[in-house]
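Engineer: If you want the building blocks of each chain, they are given just below.
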Amino acid sequence: MSPDIESTRPLAFSAQGAVLPSGKGRVIYLRERSLSMLKKEIILKNPLRLIGGEAGHILPSGGFGAVLARAGVGKTAVLVQIALDSLLREINVLHISLDQPVSKVCLWYEEVFNHVGKQYQLTNTNDLWEAILPHRFIMTFNAEGFSIPRLEERITDLTEQGIFYPQVVLVDGLSFDQEVRELLNEMKIVARENNLRVWFAVRTHRDDVTDEQPVPDNFADVADLFDAALQLTPEGSQVLVKPIKTPEELEEKPSLYLDPSSLLIKDGEPGK
Amino acid sequence: MKPDIQKIRNIGISAHIDAGKTTLTERILFYCQKIHSIHDVKGKDGVGATMDFMELEKERGITIASAATFCTWKGHEINIIDTPGHVDFTIEVERSLRVLDGGILVLCSVGGVQSQSITVDRQMARYKVPAVAFVNKCDRSGADPFRVIRQLRDKLGHNAIAIQIPIGLEAKFEGVVDLVSMKALYFDGESGEVIREEEIPANLLEKVEKHREELIDTASMYSDELMEQALEGEVTPAVLMEAIRLGTLERGITPVFMGSAYKNKGVQPLLDGVTKYLPNPGDVQNTAVDLDNNEETVELIADSSKPLTALAFKLEDGRYGQLTYIRVYQGALAKGDTIVNARTGKKVKVGRVARMHADQMEDLDMLHAGTIGALFGVDCASGDTFNHPSLSYSMTSMHVPEPVISLAIQPADNKAQINMSKALNRFTKEDPTFRTKVDPETNETIISGMGELHLEVYVERMRREYAAEVTTGKPQVAYRETITQRAEFNYTHKKQTGGSGQYGRVAGYLEPIVGEDFVFESKIVGGSIPTQYIPAVEKGFASCMEKGALLGYPITGVKIVINDGSSHSVDSSEMAFAAAARGAFRDIYFKTNPAILEPIMKVEVETPPEYQGAVMGLLNQRRGIILGTQDQDTLCFVEAEVPLAEMFGYSTVLRSSTQGKAQFTMEFASYRKAPKGVAEELIEKAALAKKDKSKVA
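Each protein sequence line maps, in turn, to chains A and B.
Start counting the first sequence at 1; every next residue gets the next number (our numbering).
Start counting the second sequence at 1; every next residue gets the next number (our numbering).
In short, the hints are calculated from the structure, not lab data.
There may be inaccurate statements among the hints.
[Said to hold, decoys possible] Computed beta-carbon distance windows for the label pairs:
| # | chain 1 | residue 1 | chain 2 | residue 2 | range |
| --- | --- | --- | --- | --- | --- |
| 1 | A | E111 | B | E214 | 28 to 36 Å |
| 2 | B | G233 | A | E111 | 40 to 48 Å |
| 3 | A | S61 | B | A689 | 47 to 55 Å |
| 4 | A | G236 | B | Y186 | 54 to 62 Å |
Every residue gets a Cβ at the ideal spot worked out from N, C-alpha and C, and that includes glycine.
With the hints as constraints, model all of the structure from the sequences given.
Structural biologist: Rendered as structure tokens:
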């Protein structure tokens, strides 16, 4: 390092920036500032914030959320966007997939992240990607091999060695067509004990949702355990994102939809 | 006699290490009557498998160089390239894929799709090589070919479809049911050479029907005739076969065969599959660029009567002198022909033409279009194109990854020094990922490659094949430097020391660029720098990229734009402007906030679940980012990205912390900025080393 740069460096350096020797205030390096500004910008523009306070904190600590949709409509894309929002806030996300290998889940993140990059016309996203990567952990299980004790064991493996402390958990691929109440109850205990916010993808079926019965049967049976639920409903060529349950009453009903080309959540009228 | 091109197959056998591809090749050669007895890879009989002809390969039980061999099966000529399974040798795999028309993807029925299979598959996709899969080791405990098919679909995105189903599994594996001919096949005789066709066992009928229906469903996407037959309920084997062939050629279907090469089961039907479903040279479109016509793409026609275009894809130094493996794409290559090397423009007279069978050979008069053979005594490098003197075609360049690790080597004595140079000269010609240079400061010879094992094997080969005794230093990571912010420069180089002076001024800026190593742009208008000096400015800047000021490693990701300057009518020269560029770069480099890039490896560890915690802990200690964990039946896979610098000695530590039950694969992923602490430590070390050197001097 050149001496002129070295001499301007304060002694102590932490992840939050460098602390001045006097202990008052801190220096924010230019690169760090631009990264944090970038993160803030993306977080602020995220339409998910319309659902409940700030996005990523839609759920209370220990709370459950659900993303409901038919197969192929975009549940994983929405889950990944919820995850990205948390990752940008440096909140650790554990992504559990019961039907896709790690490489495929990674691809989802890369795809969604690239689309976000394009949307905000970011030229060099490498730094941002590298900054968020350590906050993500993917676990995949065979659907039949998944159980809460096994998950707890895996989480303990991570936390005991200080490798990873999950704060938000996403569960993708759990079948709600079978009896899941017991599993969800066990999960609730784990979530409360560890202050986790847990999102589930819930696969619904074509005939389950009608105008008279907006909540599908397989979810209605366990809906009491959930604090929030987003339903993805295809209408024509669009997919609407409807909050069917929120922790608090919303003053204004947001109008959200999935952009069909990028599967990113947008607010406003589709196509406008 | 001119061979029927429809009866030629050029195939490669690719797989994860230990999936059994060398054993499979050995069996193929045996059934094609090319060899008369079977030897195992780590053979107790001391003979070793025929394809692994290098002494070292026999010892390690791995295939290092791709040995090309030729055999015939039911009237078809099959050229087989046996490819290495270890990631460190992927250039060999890539080179073989370049010249192949089809591939057999060998998978272990227990291990399934592992990370190396993923790499090999990606390479196959890059060269659009259609493949059939062979699920080997169906006799092993834990064998599940249908799990492997699912993995082929999920992990590799193949439309994998079973062409056979196994009769029994693990110790009870007896044979296979062919879903096309609807016959049960058993393999009798001492080496499974007698195929007994029987009716399908009653207990399998239901399963067979289900899988055949699935097969017809998938294949009917590629044939209307099959679709009609399927609707009428009467599918003929010929129509079904043709539909599968069409799907395979498009890479829309991957037919999956099953068996156990070691137990001599299922190999002959696989050979039938190669002839039925994989393309002949006429099915594949190959192109070259015409160097005489603005590098226009031209299609090569697999016709022996056309003028020759051929590609040298592998060199070997054997007891007969230099052996050049060559694939003829167009025209024919005969003894006594004069051919031209497109890279050097040199004319070469063809002395001997041969067809190789592992380390034995058969002299030929002519190599026809679409075939693979070998030439003797032709001086060329791997990847060179040879043409008829009337053509000036070049086959498109092959993708060659940059080496990530280097090692200093020191010959023991004078004799070793001479032999070492001979060996290095040969290896660098054979393998483009293996590089060598002499460090101007230390005078040490540095070899670079794709991994620890890659270099280790070459050092070992130097000792054995060239009797060059060398001592090696500690492996060094190939770091890079880069700039992270834009900075402007305005530098004048002025010298007046008697005689004619030197004068040149360059101004502009440099900025980071993604995806390129070095980009130079001149925005000079009005002749502030005369046009004839601009290449010298570029050369001056380019020379600075070779060695960064932080650690002395190459600088990448730099865009330099010059937009102003001045010259002197007498004192300006190319030398002065090159010196001005170097001065400008030296001046500005630290203002661009330079950073160190380190190679990051993608590591996949396969472990029993009880050691998953320990495995993750080990990776975490090595600055690894764990991407995820995958629980699969009785095994867990941990995927991580770890800096190469932290991976030295990992295999020993992993073995001792998992009682030898875990194994790992590693491949280069990308270069990434080294964390501040690590970078500072590296810089400090480099400065100390420099100080020590200057003290010694």
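Engineer: Against each hint, give a clear statement of whether it holds in the structure.
Structural biologist: Results for each hint:
Distance hint check for E111 (chain A) and E214 (chain B): the Cβ-Cβ separation is about 30 Å, which falls inside the suggested range of 28 to 36 Å. The given range of 40 to 48 Å is respected by G233 (chain B) and E111 (chain A), whose C-beta atoms sit roughly 43 Å from each other. A beta carbon spacing of about 52 Å between S61 (chain A) and A689 (chain B) agrees with the range 47 to 55 Å that was offered as a hint. At roughly 58 Å, the beta-carbon separation of G236 (chain A) and Y186 (chain B) lies within the given 54 to 62 Å, and the hint holds.
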